[in-house]
Amino acid sequence: MSFISEADASIVKKFFKNFYRKTYSKLYIPSRLPEREFGYFTFEKKLMIRHLSFNSPQELWERIIEETPLHIYHSAAFYKYPRAPMDAKGWLGAELIFDIDADHLKTPCRKRHDFKVCKRCRKAYPVSLDLCPDCGQSLMKVEWVCDLCLEAAREEARKLLSFLEDDFGFSKFRAAFSGNRGYHLVVEDESILELDQAERKELIDYITGTGLSMKLMGLEERIIDLETAPKLEDPSWRGRIAKAVFELLASQNYEVLREVAGDSIAQTLIDEIKEISKALGENVPWNLMRPRLRRTLFEAARELASAHIDVVVTQDIHRLLRLGNSLNGKTGLMAKMFNPDELDEFEPFSESVALPMDDELTVYVIKAPRFKLGEVEFEECENELKKLPAAAAILLLCKGAATLP
Amino acid sequence: MPSTSRLSILAKYPFLPEARRYISEYGLTLESFSDPAYSKIVERAKQRIVDAIRLGEGVDPSNMSEDEVVELASFPLAIILIAAIKDRFLARRFALTEASLATKLLLDDDSKTILRIAREVFGMDVKAEEAQAMAHEYSMGLRDYLKGSMTFNAPSWKLVNRIVIRGRVMITINELIRLMKDKVMEYVLENIEKAMSRPPKLPQNLQKIIDEIKSTLPSKRYEEEIISGESSPEAWPPCMKLIYQNVMKGENVSHFANFALASFLINIGMNLDDILKIFAHRPDFDQRIARYQIEHIAGLRGSRTKYTTPSCDTMKTNGLCVEDGKLCGGVKNPLAYFRRSLRRLRKADKDKAEVEGERS
Ligand code: SF4
Ligand SMILES: [Zn+2]
Ligand SMILES: [Zn+2]
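The listed protein sequences correspond, in order, to chains A and B. The opening residue of the first sequence carries number 2 in my numbering; numbering runs sequentially from there. The opening residue of the second sequence carries number 1117 in my numbering; numbering runs sequentially from there.
Check the hints yourself; a few may be wrong.
Said to hold, decoys possible - For lysine-lysine, the following DSS-like pairs were computed, each having C-alpha atoms within a straight-line distance of at most 27 Å:
# : chain 1 : residue 1 : chain 2 : residue 2
1 : A       : Lys160    : B       : Lys1263
2 : A       : Lys90     : B       : Lys1162
3 : B       : Lys1220   : B       : Lys1162
4 : A       : Lys202    : B       : Lys1243
To be verified - Some chain A residues judged to face chain B by a derived CB distance under 10 Å, without partners named:
# : residue
5 : Ser192
6 : Asp206
7 : Leu217
8 : Leu233
9 : Asp235
As the list claims (entries may be wrong) - Quick list of simulated restraints, FRET-style, between CB atoms:
#  : chain 1 : residue 1 : chain 2 : residue 2 : range
10 : B       : Ser1227   : A       : Lys112    : 43 to 49 Å
11 : B       : Pro1349   : A       : Leu130    : 38 to 44 Å
12 : A       : Asp197    : B       : Arg1407   : 31 to 37 Å
13 : B       : Asn1368   : A       : Leu130    : 27 to 33 Å
14 : A       : Ala280    : B       : Lys1448   : 50 to 56 Å
15 : B       : Asn1368   : A       : Asp115    : 46 to 52 Å
The hints are simulated quantities; they were obtained by calculation from the structure and are not laboratory data. Cβ coordinates follow ideal geometry from the N, Cα and C atoms, glycine included.
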């Protein structure tokens, strides 16, 4: 909970309550509802209330309206006794879940838009500080999310979907915006429900390219046989590696190379690439590369082609997952579900706006970078009293970037 | 290897459903084996067990009988005998031996038969691939592949290094047969378990064979109490205790786990012969190879570097750490755990000696 004051929390809670009163029926109801564990945070307490279960959507709706949770979650797993303590629940299987979080993606914009706030002095500071220079209190970090962050997350989600469909052949998915910094993808295919942790780990290693062997692709020989080396038209990881390497050669994009190989050795490699790119034919000229360039390109390709998922989430067969179409208490935005086929068209900062834009609230903004909600753009501002559409004011209140005057 | 084409499919693969049907229609009971008319079957059943003890994975089809009924009937009979001997180690070794025999026969067989057995007998989700992506003739459903390949450590079995297309993992004929080997082993073990759960009364001549075999088995397998004194398992970290117990039970233990245990035992100063006796419990134990490997780890061969025990981090990534190290108070290496608990044990001994000294 990042609210600056209790008053901030209680006004946000009012809006949440109203939302759930009106739109409870749009909440996602997971399959096999009675076998799922539910848990939630309230606006008041720091501990999660969990080991709950609901036999019908009505029961769930009633509880949500009555309690107005700050965050609400359900298990990806099915249990015989969802209310029992963890080791007595009787695990029956679990959906395969993926979390892509811009937070893990090292987007460069982060340095520009993240900041810290002193709750007492109501002032913003750079992330590098730990304590408030005025009062000595420890500062609270405000992680902002921008279009660039979410585009990066979307790109990872695209790669992930390709692994899941083209390679693994899964066909039943649901997708959701997390309501904050990323995307959730859930595989519902019957065939994966009973996979254990070790088996899930194999899928994770595949998606992240962990343990991918250059040698087994025939790329560690002294003399490369182009017949057995990865080609553009190959399926699976072979094709991914070939395509990524080909693109690196064709685009002569050295940024990634520097990241993988380090600045010092990059120059000699770059000269070699320039030479090779001149005569770039129909496929990857593995045979023209010296071993070190081959390895560097392979590593860069693996980094580019793998999907950056939160591996802990996917491997955890007891994980709780944010309830689809519920509100995220870190932003007041909705964890909006969408059709995975429409990943490219999904617009997180408008489709997830669930609180009113026509109602207005006056808040004291400590700091806010530029942002956009729905059709409305908000200019950067700091230490200013502002009248804002309710949805925007609540976004700032939830983040602890604004407070009631 | 002698030609096996002379053998009928039933004789080669006595676990086939039609082989079982054939036998039950033949009307053999355990009593009938006291009749000398069936002595060939009894002899072959005994031979199967002796092969398991002597040859293990080195078994080859040369001992197989030309007589279909003998081959067919000796298989379930051997299972009954193994069950009656009640030696878990022998049971696993027998299963492994039968699986190896089947594997060798499958390698010589035509692809239609192989595919049929994989699908119909073992319910494996495999099919022939026309397109033969990169010389892979078959494909297996993703889930079955994961379940079947988990125990293999070689990087080539790891999913990320496979060609996977729309839920199908491409495999070669040899890989399919390797996966089937585990299925045969499972099948044999299950049937031994079943036979153990309702032990039949055996005619005298069979009981005699059992006694004979028992007398050739080591009278006492290497038990925990044999490792006494300072290297007793009492002082070992939980991860090593667990691997050790699994080895002693004759269960399948990954290569890495074996390596971890061997290097641990070497580093705590156990002598090579004692270590060998422990690994003799592996169903696929081969004295010569095991000795070589352990000497290698001990730095007596090859590169002459003594291997250290894998760190807790490495143990964790290989899924061998117990309860995430909660029982170990933050040690970084299993050896550190051992040294610490040894100190504690020594101190406790000293305290005890002192107390006893006072009493006397
Ligand atoms: S913490 Fe280390 S010593 Fe303890 S069980 Fe895990 S791997 Fe073994
Ligand atoms: Zn302050
Ligand atoms: Zn950003």
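Consistency of the hints with the structure:
1. A/Lys160 <-> B/Lys1263: Holds, because 25 Å separates the two Cα atoms, which is no more than 27 Å.
2. A/Lys90 <-> B/Lys1162: Not satisfied, since the Cα-Cα distance of roughly 48 Å exceeds 27 Å.
3. B/Lys1220 <-> B/Lys1162: 20 Å, holds
4. A/Lys202 <-> B/Lys1243: This hinted pair holds, its Cα atoms lying about 25 Å apart.
5. Ser192: 5 Å, holds
6. Asp206: OK, holds: A/Asp206 within 10 Å of chain B, min 5 Å.
7. Leu217: Since the shortest Cβ distance to chain B is 5 Å, the answer is holds.
8. Leu233: 15 Å, violated
9. Asp235: 8 Å, holds
10. B/Ser1227 <-> A/Lys112: 43 to 49 Å: 60 Å, violated
11. B/Pro1349 <-> A/Leu130: 38 to 44 Å: Given about 53 Å between the Cβ atoms, the range is violated.
12. A/Asp197 <-> B/Arg1407: 31 to 37 Å: 35 Å, holds
13. B/Asn1368 <-> A/Leu130: 27 to 33 Å: About 56 Å separates the Cβ atoms of B/Asn1368 and A/Leu130, which means 27 to 33 Å is violated.
14. A/Ala280 <-> B/Lys1448: 50 to 56 Å: 52 Å Cβ-Cβ, so the 50 to 56 Å window holds.
15. B/Asn1368 <-> A/Asp115: 46 to 52 Å: 50 Å, holds
Violation of the numbered hints given earlier is confined to hints 2, 8, 10, 11, 13; the remaining hints are satisfied by the structure.
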